[in-house]
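First to last, the sequence lines map onto chains P and H.
Residue numbers are given in this note's numbering: position 689 of the first sequence equals residue 689, and the series is strictly consecutive.
Quick note: to get this note's numbering, add 1000 to the position in the second sequence (first position is 1).
The set of hints was computed from the structure by calculation and includes no laboratory data.
Computed from a predicted model, the values in this text were never measured in an experiment.
Mixed in with the good hints, there may be bad ones.
Example chain H residues on the side facing chain P (calculated, C-beta under 7 angstroms, incomplete) [to be verified]: (1) Phe1072; (2) Phe1300; (3) Gly1301; (4) Leu1322; (5) Asp1324; (6) Thr1327; (7) Ala1329; (8) Val1331; (9) Thr1348; (10) Gly1357; (11) Leu1359; (12) Leu1360.
We put the CB at the ideal spot given by N, CA and C, even for glycine.
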Amino acid sequence: MNRRFLAGAALLLAACSSSTPQLGGAVRRPAAVAFFEGVTTKLPGQVHRYMAVAAFGGDELRIVDPADDKVVVGPGLVFPLSVPTAPGPVFLAAADLEDTDAGGGPLPGLLVVAGQQAPAASSSPLQPSLRLEVVATWQELTTVAPALAVDLVQELAPADPSIGDAQLLSLAALPLPGQPGRACVVAGLSGGRLAVVTFERDPTSPAHALRRVPGLPARLVPARTVTAASPAPGIPFDPLDLALEPPPPVGALGTTRRLFAATGEVLGDRGGAAVHGVAEITAGFAPDGSPAGWSIRGLDALAPTRLVAAQYVADREPTFQDADKLDTALHLEVFAVLDEAACGPHFAIGCGVATLVPDDPTRNGIAADPTGELPYRAPIYVPGYPLAMTAAPPPWRNGAGDPSVDSKNPPDPATGFRVMTMGTVTGNRDASAVVAVASASGVVTLLDPGRYSAANDVSQLRSSSRAGVLPRAEGGVTTILGPATPLDGTANTTQNEPVLVLWNDRQLAHPDPVSGLPTTHLKTVDYTSLTVPVPLTGIEANITSTPGYAQDDTWSIRWQGTLPGLNLRQGVVGRDPDGTAWVAAQARGFDAGGSPAWISTLDITDPELGVRSRDGGPTTVGDTVLIDVIDTTACPEHYDATTGSTVLGQLKATVVDFLPPSPAHPGGALKIDRVADPAPGADCPGAIVPLPPAGAVATTDAYLTLRTSDALVTGKGFGYAGRARISGTIVDVNPSPIDNPPDTATIVADTYALRWEPEAPLEAIAADTTQPVAARRGAAERLAIARKARRNNYPSDNPCGAGIIVSEPVCADWPTGWNPILPAADDRVVLKFRLAVFCRPNKLAVPCTDASGAVLPMTQDTGFVFSTQRGVKESSRRAPSGGSFPRAVGWNDQSVYDPTLTTRFVACFTDDQVVAFPPSSLTGSNAVNR
Amino acid sequence: MATKHAKFLALAALLAGCGDIARDAAPPTDRFRFPVGLALRHLKASCTAAPCTCVAGTPGCQTVLHVVSSNFDLTYDTDEGGTLIALRVPEPSERPATLGPRDLWDIPDIVPYRLGAVRIGSFGGEVSLLDEEHCAGWETGAAPGAPAAFVASRSRDRLYRLTLGNDGSLGCGDDCRTALDPDLRDPYGVTLACGGSGTGFAASVYVTYLSTPLNVGFLSELALKVPDRLAAAKSPGLQPAINIGLDAARSAAFEPLSQRVFMTGAFSGPGYMPLRWLDLPYPPSSTNPPPPVDLATRVFGAETTGIALSSDGTRAYVGLRLYDGYTAALVGGRTPDIGGALAVIDVTPAPTGGINGQLLSLVPVGVGPTEVRVIPRPGLADLVAVSCNGDGSVWLYDDASGLVPRVFGIDQASGTPLLGKQPAGLAVERRADGSVRLYVGSFGSHFVSVIRLDDPTDPRSAWVEMRLGMAQ
């Protein structure tokens, strides 16, 4: 009966495995993955390529055969084979020894496992240790080989007595160049250390076992680079992650092999300059297998790095006319995830995956911008916090059955060029390499480094996903702010005011709906009818937001708007003995000695905030400070009918200059032009801050609001984006009949453009103390904006309409032939538009001019709100169900099993799943092991 | 069959009887029961005139540990079955000579060290102490106040204000119970915010709630001292609850330089994980809660738990309980924990207001991160302790190196967690000689462990110095 039950169960299991890709091999908290050549009970006596998965929660390895995605079972033939390891395995590294058996067949490779925590003999059982375990890949019943375990502390202590302080940070394995039958493990250790342990094939072993090289203990290589300021022994760095230089696409391996290390420390580049980025480690070996002649230099990524990967890549064809076609020249690229603590709009480079080109003698590390605009290639944005990264080449056996081969990108044996298919929602594309980045958002994002970008699941030029201003009809936010619909002439009010309008300078794909001709009028004004409401559609035609620069954001253009972050900030109004009045954002606190002192809550003079003064700033009109005075005796409270609430008395003042930090205002201050409001009916009848005695400062608590003196542009995410000048005033004196063009117009060609500009010159001016203060402030403000306006991606859509590719559909917002990766210099903008003031009588014929015919002032906050989008949805993969917090990602060339198969990625998720997928598949070919 | 029935009925009767026994029993004060919040006070021995605070490890200074027992299984009185116990922690000089240098000093009987004990509501949470040590000026200012301990009870939705004697005793007077907002449930976090001097001196206690109507988060403020300039608009006492936006708040931490109270959240779906803050200088607005930093854009499927701020106030260390966010989104509810992480977040003030909010680092830790505490190290970035009640571990993260140098997990010899089951409450004591004691409460084993860091710059040398309380 038991036998029948077991047979039934076996049949059931077999049926399950044949109908589902789920493999049934329990993996508890998988944390690392590696592929190795070895022998198991599944294929006795046959060296085969397997996948090892480190189960952090199970203190073991699981072995899977990627050829059929079945787990290797244990001796009982029911449960998965467990390869017990020291507690908490998190590192795996594998290497081929590049030797063969007598028949030319493969031999078992090196597979090493290690944990960040391993047992020790102290009171705490999880004390870190530097212990490496070697898996006996030559045994059919796979286990770790106790005799080959490496205690790095013990072996390295003679050379480095403080080795016990080190922690294992990263692990890599590589064949010894020019020494078939040998491979080594490189362990990145804290304290600026690289430990090297060499293994070799045991010539006496019939099973082709590995052994330590006799008489060769672990060796220590200092992880240091030198700079001009810090010559030998140089500056140590911690190798946070290691990536091995892949074999060259053609030709033989050299006598050295390179490793690339991500690090947060300063590195010395080839010229001895201090840089941040990736350490390039050139590894050489003496005939006895010991490390010899290692050299290390820094590759400049403009920021510290956390993760690293390397692969050979072929870029887009150089004319950029056909985004599908790739150049056949391959070059080595190193990919590095930048440290989020040192990248972004306050630093030299934005965050994401930077591309480095170690073999380009014209570059010091980071690759050049293919469009020649930025001084470096823009990092590729990855959603979520990156946790692991790898870079994979196309399948080596690129046979006739490989679907990745197409007419545009045939293999080139001369260069080794070949491609693989990368699937996106919008279609397949050939890629010369694919970078996979696993992030805490639970997905693995696929990057197409040959096109300098993430694979995009949406069209960036066409359909509602397109980059640019999102039309209202397609879900965009579009609002007109200001007086109630004065433009349509229907407002039954005795008041009338001018409004802000946008010139239609683009005249692209939005012809006049009646005539079909390009529109030449102000788009927000419908001259042909007096329909209600004022058209909110069409704003997108008046604002340029270019693919590659457009951002996901909601923008506002407001006349005399409130500067971002400067609404009701707590502060004080102060007065110096000489009568100088100022405002500062600060609160009462204590100094380091415990004495009462002012604590700055904001450096209100920071140019990034955008405050401009009358006397010292780049404009001659100072911004306005609205001061809500807390002292109700000086400024009585009053009832505000507009809001229906009681408010503090308010004082208006103009910013006339910037005051440097002082004990009275440690965060700097804004000098203002008054301390009392002399206007009729003012809320502050007297001086709210009395003149202090000599040598003292008088203050009054207040809430501060800063409004610009002109039109303010802000993004909800972008923040302060500068000021837009008025480029014309249009007055339509007589609304009937409708005029087009209007009666009078004063036109000034002044286009607002939110764009990147070279940062280095601005930095130099801002830091140059010999420059006038106004010039330095102006440069600093422009620098802050420029850093936020950097190009954020390189579109890989083909040119619009019938460009070089006749079959390409037209674009909604761009003319035929327009190439998104190479916009005209004038169009390289986050935003561009031209503002005007428009004035016309309303329905009751109330003019918006005064008796002299002068246009009345606009109401504060008159303007527009609209939204833009990048047009990028990074293509990613995740587990069919669940799939959280991926800890590791790897790849395997599946063509070793079947020439028709392609490269496949494997991701380890913390919720006990290991998911494998080819980049060509969106969802259909996943194999899940849990 | 009849026999089975009889056994079932007998078992049911027994279970029912067990339930009845427990309802009004007084909680024990000779042991901890499901300890949660921990807090430390340092008192000069035999001190009679306030302030009696002193620096740990100096001659004559005694460490007083306050432990909240939560009566989590309601073994005792359902109303006030919890306790706050204050006990003197023995000094290293009292260590028995029979013990080896790093042997565990086990003190199961806390009675000889007990200085005071009071009953509080069941399901107690965090505890905050208010005295000169925790709030400079409270006992020595123009209008000195009495030292007090604040702890919330989830069973009665109360905030307890317990008096602290200069001899370490505890008391609960007639006015020690403050009823919190009846619409808000499960008060848990208690955070003291204090600062200023003279007429500008201010002190308040902020209470977080784990359950709120429509999952809109609220924070209650018990104003203890209102600065003179706000006296016209605000009186001491419980203030109207402050709307902090979607998602209840679990814990809070006060940053004195920026005068901000930062708050973690509870669970409101995998697509939203707010880190919020309250700018104390501004009048709170119930209609305009401060905009949060949404960490879900960087980490999908996580719930924030404990929070601590770096010594320089620039970073927040936030515990993250990781779960399967995609399944949670599919089923519309929280799925079980699959792991844990410590998030390091840049909370430096942004020029445009708010905080920069960048996720600087994500450090994998044990399952179920619960509480987070900072161990300051002069001249060096902080060491951060994280208790993980899911797998019984306590992790030390070194923010100077970005590494985890020490984990206290399973005792390989016994197979049990070294610091007891479900470690939760944490407290840090910096001592005069530069060493540090880290107190860890074991929720499931009912004792408190003391981890000793003789040299906080070398956290790998940390060891378990003593255990206070009886393992149950």
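Structure-based check of all given hints:
With 7 angstroms as the threshold, the beta carbon of H:Phe1072 stays out of range of chain P, its nearest partner Cβ sitting at about 27 angstroms, so the hint is violated. Against a cut-off of 7 angstroms between C-beta atoms, the interface hint on H:Phe1300 holds, since the closest Cβ of chain P lies about 4 angstroms away. Given hint, H:Gly1301 at the interface with chain P, holds; its Cβ is 5 angstroms from that chain's nearest Cβ, closer than 7 angstroms. Annotation: interface hint on H:Leu1322 holds; nearest CB of chain P at approximately 5 angstroms, less than 7 angstroms.
For H:Asp1324, the suggested interface contact is upheld, since its CB lies about 4 angstroms from the closest CB of chain P, less than 7 angstroms. With 7 angstroms as the threshold, the beta carbon of H:Thr1327 comes within range of chain P, its nearest partner Cβ sitting at about 5 angstroms, so the hint holds. Among the interface hints, the one on H:Ala1329 is violated; its C-beta lies about 10 angstroms from the nearest C-beta in chain P, farther than the 7 angstroms criterion. At a threshold of 7 angstroms, the smallest CB-CB gap from H:Val1331 to chain P is about 11 angstroms, leaving the interface hint violated.
Using the Cβ-Cβ criterion of 7 angstroms, the hint placing H:Thr1348 at the interface with chain P is not satisfied: the shortest such distance is roughly 10 angstroms. A cut of 7 angstroms between beta carbons decides the hint on H:Gly1357: the least distance to chain P is about 11 angstroms, and the hint is violated. A hinted interface residue such as H:Leu1359 counts as satisfied when its beta carbon comes closer than 7 angstroms to some beta carbon of chain P; here the least separation is about 5 angstroms, so the hint holds. Checking H:Leu1360 against chain P: minimum C-beta separation of about 5 angstroms stays under 7 angstroms; hint holds.
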